[in-house]
Amino acid sequence: MKDFAKRRSQATIKKSKSRPTYTARYSQEKVIPNSQLFFLIFLAGLCILTSLYYFKTDIKIFEPREINNEIEFNFPTKFKENEIL
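Under full-length UniProt numbering, think of the first position of the sequence shown as 1, with each following residue one higher.
Read the hints as simulated data drawn from the structure, not as lab findings.
From a predicted model like this one, the values you see are computed outputs, not experimental measurements.
Glycine is no exception: its CB is placed at the ideal position from the N, C-alpha and C atoms.
All the given hints hold, so there is nothing to weed out.
Quick list of the computed label-pair ranges, beta carbon to beta carbon:
no. : residue 1 : residue 2 : range
1   : L37       : P64       : 34 to 42 Å
2   : I59       : I32       : 23 to 31 Å
3   : Y22       : K56       : 57 to 65 Å
4   : R25       : F62       : 53 to 61 Å
5   : E66       : F38       : 43 to 51 Å
6   : Q28       : K60       : 40 to 48 Å
7   : F42       : F62       : 27 to 35 Å
8   : L37       : K60       : 26 to 34 Å
9   : R65       : Q28       : 48 to 56 Å
10  : F42       : E70       : 46 to 54 Å
With these hints in hand, go ahead and build the complete structure from the sequences.
In structure tokens form, the structure reads like this:
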């Protein structure tokens, strides 16, 4: 007759099961490689320089003007009196 009793003690089974293993199945690759990032930055700079040369524009800070809210009504007297047909 076969003996179905557990031969290992419960302490060693729990000890071996409680050890977490952290391993990655796949190597972590960058989403966008550095070469592509540098190329995009270079392309953006080239577009800026080309547009400045092509449109011959100067970059300067825009300063707001003073806003005057003075409204002056210069109606003729007949218009003020509602005599216009």
